[in-house]
Amino acid sequence: MSSKTRRKIITHEEQCVGCRICQLWCSYQFTGKFSFSKAFIKIEEPYGLEPKISFLEDCTTCGQCADHCLYGALEKIEEGM
Amino acid sequence: MEWNGYTGNILNVDLTGEKISIMKQNPDDLKQFIGGFGMNCKLGAERIKPETDPFSPENFVIVGVGPLVGTITPGASRTAGISKFPATGAIANSCGSMSFGFHLKQAGYDHIIISGKAEKPTYLQIIDDHVELNDAKDMWGSDIVETTDFLWKKYGSSGVIAIGQAGENMVRGALTLIDKTSTFGRGGIAAVMGYKNLKAIVTQGTKGVSIAHPKEFNEAYKKLFERIRNYPQRQSWHEVGMLRSLPMGLMLTAQGQKKKARQVSDRFYLKKIKKRRIACPSCPMADKDILEIKEGEHCGLIQYTSSAINPFLMFTLKGLNTYDEVIKIFDLANRYGLDSLTLTALFELITRLHEQGVITEEMLGLKWKSDYETLAEVTEMIAYRKGLGEVLAGGWKEIGKKFNIEDKMLQVKGLDVIFDPRFMRLGTMEFEQVVNVKGAHVASGGSPTYATSGGSIERFKTHFKRMGIPDPAIKRIFKPLKEEMMVNVPRLTRYSEDWYALLTSMGLCARAQMNRFFSMENVTNFYNAVTGFDRSQEDLRIAAERSWNLLKLLNAREGFSRKDDKFPKEWFNNLKYGNNELQLHDFFGTTVITPTIANQLLNDYYDERGWNLEDGLPSQKKVKELELTPYM
Ligand code: SF4
Ligand code: SF4
Numbered sequence: 001m002s003s004k005t006r007r008k009i010i011t012h013e014e015q016c017v018g019c020r021i022c023q024l025w026c027s028y029q030f031t032g033k034f035s036f037s038k039a040f041i042k043i044e045e046p047y048g049l050e051p052k053i054s055f056l057e058d059c060t061t062c063g064q065c066a067d068h069c070l071y072g073a074l075e076k077i078e079e080g081m
Numbered sequence: 001m002e003w004n005g006y007t008g009n010i011l012n013v014d015l016t017g018e019k020i021s022i023m024k025q026n027p028d029d030l031k032q033f034i035g036g037f038g039m040n041c042k043l044g045a046e047r048i049k050p051e052t053d054p055f056s057p058e059n060f061v062i063v064g065v066g067p068l069v070g071t072i073t074p075g076a077s078r079t080a081g082i083s084k085f086p087a088t089g090a091i092a093n094s095c096g097s098m099s100f101g102f103h104l105k106q107a108g109y110d111h112i113i114i115s116g117k118a119e120k121p122t123y124l125q126i127i128d129d130h131v132e133l134n135d136a137k138d139m140w141g142s143d144i145v146e147t148t149d150f151l152w153k154k155y156g157s158s159g160v161i162a163i164g165q166a167g168e169n170m171v172r173g174a175l176t177l178i179d180k181t182s183t184f185g186r187g188g189i190a191a192v193m194g195y196k197n198l199k200a201i202v203t204q205g206t207k208g209v210s211i212a213h214p215k216e217f218n219e220a221y222k223k224l225f226e227r228i229r230n231y232p233q234r235q236s237w238h239e240v241g242m243l244r245s246l247p248m249g250l251m252l253t254a255q256g257q258k259k260k261a262r263q264v265s266d267r268f269y270l271k272k273i274k275k276r277r278i279a280c281p282s283c284p285m286a287d288k289d290i291l292e293i294k295e296g297e298h299c300g301l302i303q304y305t306s307s308a309i310n311p312f313l314m315f316t317l318k319g320l321n322t323y324d325e326v327i328k329i330f331d332l333a334n335r336y337g338l339d340s341l342t343l344t345a346l347f348e349l350i351t352r353l354h355e356q357g358v359i360t361e362e363m364l365g366l367k368w369k370s371d372y373e374t375l376a377e378v379t380e381m382i383a384y385r386k387g388l389g390e391v392l393a394g395g396w397k398e399i400g401k402k403f404n405i406e407d408k409m410l411q412v413k414g415l416d417v418i419f420d421p422r423f424m425r426l427g428t429m430e431f432e433q434v435v436n437v438k439g440a441h442v443a444s445g446g447s448p449t450y451a452t453s454g455g456s457i458e459r460f461k462t463h464f465k466r467m468g469i470p471d472p473a474i475k476r477i478f479k480p481l482k483e484e485m486m487v488n489v490p491r492l493t494r495y496s497e498d499w500y501a502l503l504t505s506m507g508l509c510a511r512a513q514m515n516r517f518f519s520m521e522n523v524t525n526f527y528n529a530v531t532g533f534d535r536s537q538e539d540l541r542i543a544a545e546r547s548w549n550l551l552k553l554l555n556a557r558e559g560f561s562r563k564d565d566k567f568p569k570e571w572f573n574n575l576k577y578g579n580n581e582l583q584l585h586d587f588f589g590t591t592v593i594t595p596t597i598a599n600q601l602l603n604d605y606y607d608e609r610g611w612n613l614e615d616g617l618p619s620q621k622k623v624k625e626l627e628l629t630p631y632m
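Chains as they are written, first to last, in this note's numbering: chain F, 1 to 81; chain S, 1 to 632.
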């Protein structure tokens with residue numbers, strides 16, 4: 001990422017299937033353990049009719065969760081500054 | 001010792017004494033039995049005494065989760081459970097998925113051993129170190145969906161195994177649902193829980209699962225993940241899910257039910273029925289469904305299912321005319337905790353025998369019509385054991401005796417046949433229904449003939465290799481009873497079962513769309529990277545075979561033998577299917593299977609297993625070779 005761009009992750013909650021792959025990858029890369037609760041991305045009601053995706057403050061917007069989501073629910077966008 | 005993949009903990013829950021304790025795993029046991037399914041067999045063998053009444057405090061429910069569950073290994077989310085099943089009297093394993101296994105590992109446990117009987121309705125809460133037996137008075141009498149929703153509201157995102165009214169009323173075949181979606185315990189685990197006054201188990205945790213060798217793990221993961229990402233059929237799996245795997249439309253058309261066939265087409269499903277797709281944790285091939293009825297009398301009904309095929313199979317029943325009727329009945333069955341497949345088989349049989357005058361309305365105590373209203377009424381009667389429901393709740397064995405129809409029932413050992421080989425031909429999945437200790441069930445016979453049906457012999461070989469079938473065995477598999485049969489299905493069945501035992505011990509998905517990505521090689525790599533153990537492919541293959549043999553030995557203790565591995569008599573009669581009369585054929589449709597040939601097929605299966613031909617049980621030699629002598 002160049003210093004002139006900023007990365008954002010856009011969510012498409014209607015595409016989310018609740019697989020939690022994003023959380024597992026995030027927690028693994030930052031803590032070395034697989035966990036839902038240690039991830040910087042939150043999936044609320046993963047099996048509800050409308051799951052909710054949000055990011056915690058500690059999220060570095062590294063975008064790796066989006067790289068691992070196979071369902072099109074997370075999209076990485078590079079924005080010019 | 002430091003545990004990776006495994007948590008190293010086994011939870012002991014004595015419902016009678018309300019005592020909870022933790023036991024440590026023994027690494028030597030894991031070498032022998034891997035975990036999940038395999039370790040369940042060992043824990044069950046040491047605890048369930050021969051001839052235990054399934055409905056007694058001495059029966060156990062043991063839940064196990066394999067070493068890969070809790071990691072990001074694709075498709076590692078299975079939960080296995082062993083008990084003595086009331087529908088059959090067999091000691092058997094059952095499997096489910098969704099999030100229970102993940103949450104249990106996060107809480108810090110590999111297995112839960114449940115014994116005794118609670119004095120009053122209870123649910124088990126496993127949240128990290130807070131393991132408690134809680135009052136379930138207010139939940140008793142509610143259905144599975146209500147129970148699960150209640151617990152999710154209370155605990156937030158968590159794994160839930162719950163029973164419905166059928167379980168509470170000890171309907172012999174009652175099952176539980178995991179996360180109100182995945183069936184778990186066909187053949188009666190819910191009835192055992194109901195007897196024990198155990199309404200539900202809820203689990204959640206924050207401990208995280210660590211792995212031993214991240215570098216090796218990352219390598220194995222990246223390779224597999226990219227293969228799955230680039231799999232050309234992935235998108236279509238996401239879209240239509242399990243409907244890809246069974247041509248329901250063809251089935252209905254062949255039966256002469258064309259109007260209905262349209263209602264199970266992909267287009268109709270996508271437009272009118274599918275609400276949303278959901279997945280088990282770590283799954284890149286999401287195939288679970290949330291269905292919604294969007295019009296008509298049942299408008300607004302929401303229904304979760306682990307396979308859209310299950311409700312659609314009910315559609316084969318004459319008298320159910322529209323898809324929404326089918327989903328409504330399926331919803332009732334799921335809420336009560338009844339097996340929709342068993343319900344379909346029961347309804348079909350009674351309707352047929354009623355038409356033939358074998359079963360009269362006087363015998364049934366009910367006006368019988370093959371229609372939606374009757375089916376809805378009977379479903380409720382079974383769940384609450386009312387009137388005719390009291391007999392039907394007793395399972396196939398009791399029904400057979402009561403109406404004197406044992407020879408007409410499509411069942412093995414007390415469980416109904418799921419796939420009739422007269423329609424599907426005799427592949428491993430159909431044949432395995434005869435030899436499975438559990439009774440007629442299909443999960444463990446599924447691979448790989450289905451992945452390659454209609455495919456070339458070369459493609460078969462690719463699958464045999466990935467499953468780790470040794471070369472000499474592959475040679476035997478290509479030597480069937482008669483040359484034109486091409487493949488020796490019974491010999492192959494042995495390896496389908498062992499492969500299933502391996503995946504289920506690891507905690508990996510065995511459904512075709514995930515199964516196809518696993519090989520002996522990558523599973524071994526994942527296992528070693530996660531656990532830090534150094535096991536060869538051969539070690540793991542033998543551990544899986546050992547587990548399957550141990551389960552067989554447990555059932556030998558219960559009196560099961562070759563006499564129980566019986567092709568249903570009805571299979572040898574023609575099946576009327578629309579305008580066609582279907583006969584029982586081998587997998588390639590070249591040979592009619594007669595009772596004599598069926599017997600020879602069984603011989604081949606036992607021979608490949610190294611079991612005695614006379615009694616169909618593991619031979620002394622096999623038992624010794626697998627170090628199972630203490631369990632004889
Ligand atoms: S955002 Fe993507 S990876 Fe995360 S749970 Fe939803 S579908 Fe799965
Ligand atoms: S962007 Fe990076 S840090 Fe943020 S949730 Fe995704 S993986 Fe975690």
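Some clues are possibly wrong.
25 Å max Cα-Cα, derived DMTMM-like pairs, lysine to aspartate or glutamate [to be verified]:
1) 222/S / 50/F
2) 272/S / 67/F
3) 397/S / 558/S
Below, a sample of chain F positions facing chain S; criterion: calculated Cβ distance under 7 Å [as the list claims (entries may be wrong)]:
4) 7
5) 8
6) 9
7) 10
8) 18
9) 19
10) 20
11) 30
12) 37
13) 47
14) 54
15) 70
Here are the computed distance ranges between Cβ atoms for each label pair [stated by the list, open to error]:
16) 386/S / 55/F: 45 to 55 Å
17) 29/F / 321/S: 11 to 21 Å
18) 56/F / 557/S: 52 to 62 Å
19) 14/F / 521/S: 35 to 45 Å
20) 49/F / 321/S: 26 to 36 Å
It is worth saying that the hints were derived from the structure and are not from the lab.
If you're wondering where the values come from, they're calculated on a predicted model, not measured in any experiment.
Every residue, glycine too, gets a C-beta built ideally from N, C-alpha and C.
For this structure, which hints from the list above don't hold up?
1, 2, 4, 5, 6, 7, 11, 14 and 17
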